[in-house]
Amino acid sequence: MPRAKFNTLTEQMFYVLLCLQRECCGMDVLEQIPVMTGGRVHIGSGTLYDLLEQFTDAGLIRETKHEGRRRSYVLTEAGALMLQKEYGRLCAQVQDYQNYFEVRGNA
Amino acid sequence: MRDKKKSLNLYLLYDRQGIKRHLEEMAEKGWMLEKTPSHFWTYRKIEPRKITFEVVYYQKATSFDPEPSEEQKEFIAFCEQTGWKFVSSWAQMQFFYNEQQNPIPLDTDPVMEIEAIHKTMRKGFLPVYWWLVILALFGCMSGLLSMINHPINFWGNFIHCFTLATWVMCLAFYITEILAYNSWRRRARSAAQHGEFLASANTAKKQKIKGAILLAWVCIGIGHWAFSGNILYQLIGVGSVLCMLLLILGVQGTKAYLKKKKVSARKNLVITLLVDVVLAVLLYGTFLFLVIKFSIQFASTKQAVDVERVALYIQDLLPTGYEEYGVDGVKHEESIFLVHDTVYQYAWDEETDEEWYFDYETVQVKVPLIYEMCKKEMLSHVDNEAWAYAQIGAEEWQAREVYQAVSLQYGSWPMYLICYDDRMVEVVLDWEPDKEQQAYIVEKLAR
Numbered sequence: 001m002p003r004a005k006f007n008t009l010t011e012q013m014f015y016v017l018l019c020l021q022r023e024c025c026g027m028d029v030l031e032q033i034p035v036m037t038g039g040r041v042h043i044g045s046g047t048l049y050d051l052l053e054q055f056t057d058a059g060l061i062r063e064t065k066h067e068g069r070r071r072s073y074v075l076t077e078a079g080a081l082m083l084q085k086e087y088g089r090l091c092a093q094v095q096d097y098q099n100y101f102e103v104r105g106n107a
Numbered sequence: 001m002r003d004k005k006k007s008l009n010l011y012l013l014y015d016r017q018g019i020k021r022h023l024e025e026m027a028e029k030g031w032m033l034e035k036t037p038s039h040f041w042t043y044r045k046i047e048p049r050k051i052t053f054e055v056v057y058y059q060k061a062t063s064f065d066p067e068p069s070e071e072q073k074e075f076i077a078f079c080e081q082t083g084w085k086f087v088s089s090w091a092q093m094q095f096f097y098n099e100q101q102n103p104i105p106l107d108t109d110p111v112m113e114i115e116a117i118h119k120t121m122r123k124g125f126l127p128v129y130w131w132l133v134i135l136a137l138f139g140c141m142s143g144l145l146s147m148i149n150h151p152i153n154f155w156g157n158f159i160h161c162f163t164l165a166t167w168v169m170c171l172a173f174y175i176t177e178i179l180a181y182n183s184w185r186r187r188a189r190s191a192a193q194h195g196e197f198l199a200s201a202n203t204a205k206k207q208k209i210k211g212a213i214l215l216a217w218v219c220i221g222i223g224h225w226a227f228s229g230n231i232l233y234q235l236i237g238v239g240s241v242l243c244m245l246l247l248i249l250g251v252q253g254t255k256a257y258l259k260k261k262k263v264s265a266r267k268n269l270v271i272t273l274l275v276d277v278v279l280a281v282l283l284y285g286t287f288l289f290l291v292i293k294f295s296i297q298f299a300s301t302k303q304a305v306d307v308e309r310v311a312l313y314i315q316d317l318l319p320t321g322y323e324e325y326g327v328d329g330v331k332h333e334e335s336i337f338l339v340h341d342t343v344y345q346y347a348w349d350e351e352t353d354e355e356w357y358f359d360y361e362t363v364q365v366k367v368p369l370i371y372e373m374c375k376k377e378m379l380s381h382v383d384n385e386a387w388a389y390a391q392i393g394a395e396e397w398q399a400r401e402v403y404q405a406v407s408l409q410y411g412s413w414p415m416y417l418i419c420y421d422d423r424m425v426e427v428v429l430d431w432e433p434d435k436e437q438q439a440y441i442v443e444k445l446a447r
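These protein sequence lines map, in sequence, to chains E and S.
By our numbering, the letter at position 98 of the first sequence is numbered 98, and the numbering carries on one by one without gaps.
By our numbering, the letter at position 321 of the second sequence is numbered 321, and the numbering carries on one by one without gaps.
The hints are simulated quantities; they were obtained by calculation from the structure and are not laboratory data.
In this text, all values refer to a predicted model and were calculated from it rather than measured experimentally.
Heads up, the beta-carbon is just placed ideally off N, CA and C, and yes, glycines get one too.
Errors might be hidden in some of the hints.
Said to hold, decoys possible - Quick list of the computed label-pair ranges, beta carbon to beta carbon:
no. : chain 1 : residue 1 : chain 2 : residue 2 : range
1   : S       : 124       : E       : 22        : 37 to 43 Å
2   : E       : 91        : S       : 102       : 30 to 36 Å
3   : S       : 179       : E       : 106       : 50 to 56 Å
4   : S       : 201       : E       : 63        : 39 to 45 Å
5   : S       : 80        : E       : 56        : 20 to 26 Å
6   : S       : 62        : E       : 91        : 41 to 47 Å
Model the full structure from these sequences, guided by the hints.
Right, here's the structure in full:
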């Protein structure tokens, strides 16, 4: 079960889980996030190392390979659900934003 | 020219920003951090330049690790893949540097960072500080009890006053340290919710101020001991400092030796703790034994030395003709708060085999605030089921108040507590003094 601390995700957590929909190692995640966000989001290697450990402990991701000092991970079902839930929350926020301006625009 | 130097690290464990700033300033001055084996960090000479430093907290490391574990090496290698270079570690703290311009920091989530700092603090700093608070509280309680129950002995003895003041100071230091950390953590957690990392106040500066106060305090103690002229106090001072140094050296030496021998962290911790306990018991046990032994010898030699402090001799009160007079004991204590003298005397006539005893105790109070508590203690000298002090006329003794020991069964006893404005005199005679003798006692002991 995911821990209570992951009830909502920070921006960095969201992109880490998003990257891990496909199996990849920590370095891949570090490289993919800036590309995915056009350089808007960066994640530090210290933070990522901790996050990968915490996500594994919480069952949101699982380790797939451990070659030398290189570990690969992939999203679990719980992780995918978490990501879906976060996506839903973000969409709801966007919808609320749009509704607000539509109402003001009509008024 | 030196190419290496050591300097004492005064930054506290949670002051990540302070340490980072300090290491960057050192690099700009041409000193690069090299090793952090203890509080003394080693720097090597480099070309002065701008280098970015980062301090991260790796929870699985301890200060007892003989070398980084495989997992820790993996963590270091992971960070090094992003351009950071590992310098050294100090328990959970890992030091990295980067020579690129504006590198991506190792920690980019302040919430997680504060959590990591707090976990580190809970492992070492906070438990140690709470134990020190408990220890200081015991010290304060013991000192306060001594002050309440035996105020004359307490205020008259520099060691007692100094020890209590030291405990109070330590307690204040430890508590302010914990409060400062908790206050920073509360504010930092709030700032982290907005994505900001709140730097703590410069902990090294605070430590320097505290260190200066501590040093000044120790100098006062050492100065007093050195110039007190009391060899027992001097030995106690030197002995306690020596015991402390030997204990620190023994414990740190054991820990460092076991690390060098690649003994596992758990074994090292257990052995070092055992050495700590055994060494403390041995050192302080021996020290205490020597102090007690020396005090006994010292007390017996002191009587002969301090007779010059006798203000009134029994032979001046008695008619002439006694074979032998003597001073059985003299006790003198003096501090900035009071002067306390106790004198025991006797006289003996061989022909009649008559013996007379005369004891007196004077307390000269220098701080009016403690007068009443000292008087209370003096009054308690005669306070039991049979005897008590009763107030009598003070005119004949030219005093403010006079008390005499009385008993319902035996009547009055020539034991008097004579209270002046800033001085108390207790005299115990073997006979009822006449007016002339009273006047003589007043003349000699009232001032």
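Verification of the supplied hints:
1. The hinted window of 37 to 43 Å between residue 124(S) and residue 22(E) holds, with their beta carbons roughly 40 Å apart.
2. Roughly 34 Å separates the CB atoms of residue 91(E) and residue 102(S), a value that falls within the hinted 30 to 36 Å.
3. Judged by the Cβ atoms, the range 50 to 56 Å given for residue 179(S) and residue 106(E) holds: they are separated by roughly 55 Å.
4. Separation of residue 201(S) from residue 63(E) is about 41 Å and conforms to the stated range, judged on CB atoms against 39 to 45 Å.
5. In this structure the supplied range 20 to 26 Å holds for residue 80(S) paired with residue 56(E), their Cβ-Cβ distance being about 22 Å.
6. At roughly 45 Å, the beta-carbon separation of residue 62(S) and residue 91(E) lies within the given 41 to 47 Å, and the hint holds.
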